[in-house]
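Visitor: Protein chains in written order, with the working numbering: chain A, 1 to 319; chain B, 1001 to 1131.
No lab work stands behind these hints, which were simulated from the structure alone. The C-beta atom is built at its ideal place from N, Cα and C for all residues, glycine as well. One or more of the hints may lead you astray.
A few chain B residues facing chain A, derived, Cβ under 7 Å [said to hold, decoys possible]:
no.: 1; residue: E1006
no.: 2; residue: W1007
no.: 3; residue: V1010
no.: 4; residue: A1014
no.: 5; residue: L1017
no.: 6; residue: L1018
no.: 7; residue: V1037
no.: 8; residue: M1040
no.: 9; residue: V1043
no.: 10; residue: K1098
no.: 11; residue: V1130
Quick list of the computed label-pair ranges, beta carbon to beta carbon [said to hold, decoys possible]:
no.: 12; chain 1: A; residue 1: L302; chain 2: B; residue 2: N1071; range: 52 to 60 Å
no.: 13; chain 1: B; residue 1: V1081; chain 2: A; residue 2: G167; range: 33 to 41 Å
no.: 14; chain 1: A; residue 1: I114; chain 2: B; residue 2: D1093; range: 53 to 61 Å
no.: 15; chain 1: A; residue 1: V33; chain 2: B; residue 2: N1071; range: 43 to 51 Å
no.: 16; chain 1: B; residue 1: A1026; chain 2: A; residue 2: Y267; range: 49 to 57 Å
no.: 17; chain 1: A; residue 1: N139; chain 2: B; residue 2: P1033; range: 43 to 51 Å
no.: 18; chain 1: A; residue 1: L282; chain 2: B; residue 2: H1070; range: 46 to 54 Å
no.: 19; chain 1: A; residue 1: A233; chain 2: B; residue 2: E1006; range: 52 to 60 Å
no.: 20; chain 1: A; residue 1: L282; chain 2: B; residue 2: A1026; range: 38 to 46 Å
no.: 21; chain 1: B; residue 1: A1026; chain 2: A; residue 2: V205; range: 39 to 47 Å
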Amino acid sequence: MTEAKKLIVSHAPFWHDGSSIAQRSYSTMLAAVPALLLGFSQYGMPAVGVAAIAVSTAVLWELAMNRIMRRPETIGDGNAALIGLVFAMLLPATTPWWAVVVGTFTAVVIGKQIFGGTGASPFNPPALALAILTVSWANLFDFNQALLTYDPGFPMVYPLFAAKKFGASAVESITTLDLLLGRQSGGIGATFGIGLLAGGAFLMVRGIVRWEISLSFLAGVFITALAFHMADATRFAGPLFHLCTGYTLIGAFFLAPDDSSSPVNFYPMLIYGAAGGIMTVLIRNIGVYVDGVILAILVINLINPLLDKIRPKAIGKVA
Amino acid sequence: MTAQKEWKPVFTAAVVLLVVGIFCYAAFSAPSPERPVRLMYQVAAGNVLFDHNTHAAPSGYALACRDCHHNLEEGETEGVVSCSECHPNESEDNDIPKRSDAFHQQCIGCHEQFGAGPGEGPEGCSICHVR
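Take the sequences, apply the hints, and build the full model.
Guide: Okay, structure coming up:
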C-alpha cells in the first residue's frame, strides 16, 4: 500500500454497524449483574440501597447538568446509569447515602459533564470519584472499618490489607477459589471473581471492551506480582492473589477500558493496559495505599493522549 | 427511537430507584449483632482490628466471656460491659488502669500465656497496631 492510499476515504453512503451508546451502556450493565447479585446476597438490602441511590442520583445529576447547560437530555443513552452502577460496585455496603450522592456528583458532573459529556471525559468517572472521596473520607472506604459487623462465614479482613501489613503468610489460608467465589471482603460488586470474569468475557466477545486493554492489564498485574513474589515470597503475595483481590478484575473489565479515556490503537492499548497492571502492583507492594487499581487507572488515563500518538493510524476501512 | 427521546422512561426508572434507595436506607441498616463480630480500636499508635468472634466462638479460641470481661462472675454471660465503661482514656486510679494499659495487660498477658505473645520492640507493636 502506498502512502497516498492511506488517506483515501470512500464516499457516502456509509453503513452504520448498528451499535449505539445506549446498547454499549446497557450491555455493560448487564455484564455487571452477576457480580452485583453476589454482593447483594452477601451484604443484603443495605447494598441494594447503595446501588439504587448511586444509579438514580447519577442519572438525576446528568439530567440536571443537561438542563443547566441547555443541552439535549442524554440520560437515555444509559451512560450516566452505568457510571452510577460501576461506582456502586466499588463501594462498601455501609457507605452513607450522602457519600453516594457526593460520589455520583463527582463522577457525573466533575468527571464527565464539565469536560463535555459522553466521550469527552479524560478520566474514568467512577475511578475519579472514588479517588476524590477516598482522599476526603478515608475511613468510609476502609473495608475493615466499614464492614465490622458483617459475619458471612469467611475471614472478613480485607485481603490486600492483610497482605500488605502482615506479609504473604497472613493470606496463605485464602485460596484462589475462595477469592473467585467472592469469599472475601470488598466492594459490593468487586469481589465475585467468576462473575467479573464472565462479565468481562461477555464484554470482550461483544467488542464493547477491547481485549487488548483488559488482558494486558491483567498480564501486567500477573507478571509484576510474580516478579515481586519470586524476589521475596514471605513479604509479597503471589500473582493469583493479586489478580483476584481488590479492584483488579473490576478495574480490568469495567474501569480501564472506558471508551473516552483509553487508547484506540493496538500497541497503545497494550502499553496502556500493561502500565495500569504494573502500576497497580507497584502501589500495592511498595506504595502507601493498600489497593493501587484506582490510582493506577487514573495515571494511565493521564498518559492516554500521549499513548495514542504511538504509531497512529486512521480508523475504519474501505469496503 | 433516539437516545434523546428515551430520556423520560430512564428518568422514571431513576425516580423509582431513588424511592427504592431511600426505602432501603430507611428500613434496613448494617447488621448490629448482640455480640460484636470485630472491633476496630482507633489509637495513635496504629489501629487495632480485634476479631471478637475468633476469640469467643467455640470454633475459635472459645474464651469464656469472663476471661476478658472480668466484671462477670464465673459462668455468667449476661451483663457484659464494654471495656471503656470502666477504663477511661486517662486514669490516676491505681486500681483501675487506663484503657490502653488495661488492653495491653489483657491482650499481651493472654497472648504470652499461650505462646503467641507479640514480643518486644516496634516489631512486636506492629503485630496488633497497624498504621
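Visitor: Per the hint of 38 to 46 Å, is the separation of the Cβ atoms of A/L282 and B/A1026 within bounds?
Guide: Since A/L282 and B/A1026 have Cβ atoms about 43 Å apart, the given range 38 to 46 Å holds.
Visitor: Quick check: does the Cβ-Cβ distance between A/L302 and B/N1071 fall within 52 to 60 Å?
Guide: 57 Å, holds
Visitor: A range of 43 to 51 Å was offered for this pair. Does it hold for the Cβ distance of A/V33 and B/N1071?
Guide: With a Cβ separation near 50 Å, A/V33 and B/N1071 satisfy 43 to 51 Å, so the hint holds.
Visitor: Given B/V1037 as an interface hint, is its Cβ closer than 7 Å to any Cβ of chain A?
Guide: Nearest chain A Cβ about 5 Å off; hint holds.
Visitor: Please check whether B/V1043 passes as an interface residue: C-beta within 7 Å of a C-beta belonging to chain A.
Guide: Violated, about 13 Å.
Visitor: Taking the Cβ atom of A/N139 and the Cβ atom of B/P1033, is their distance within the range 43 to 51 Å?
Guide: Violated, at about 21 Å.
Visitor: Has the hinted range 53 to 61 Å been met by the Cβ atoms of A/I114 and B/D1093?
Guide: Once the Cβ atoms are compared, 59 Å apart, the range 53 to 61 Å for B/D1093 and A/I114 holds.
Visitor: Is 49 to 57 Å a correct range for the gap between the Cβ atoms of B/A1026 and A/Y267?
Guide: 52 Å, holds
Visitor: Does B/L1017 meet its interface restraint, that is, does its C-beta lie within less than 7 Å of any C-beta in chain A?
Guide: For B/L1017, the interface hint holds, since the closest Cβ of chain A sits about 4 Å away, which is under 7 Å.
Visitor: At a threshold of 7 Å, is the proposed contact between B/E1006 and chain A supported by beta-carbon distances?
Guide: 3 Å, holds
Visitor: Hint validation: B/L1018 versus chain A, beta carbon distance must be below 7 Å. Holds or violated?
Guide: 4 Å, holds
Visitor: Quick check: does the Cβ-Cβ distance between A/A233 and B/E1006 fall within 52 to 60 Å?
Guide: 54 Å, holds
When each numbered hint is compared with the structure, violations occur for hints 9, 10, 17.
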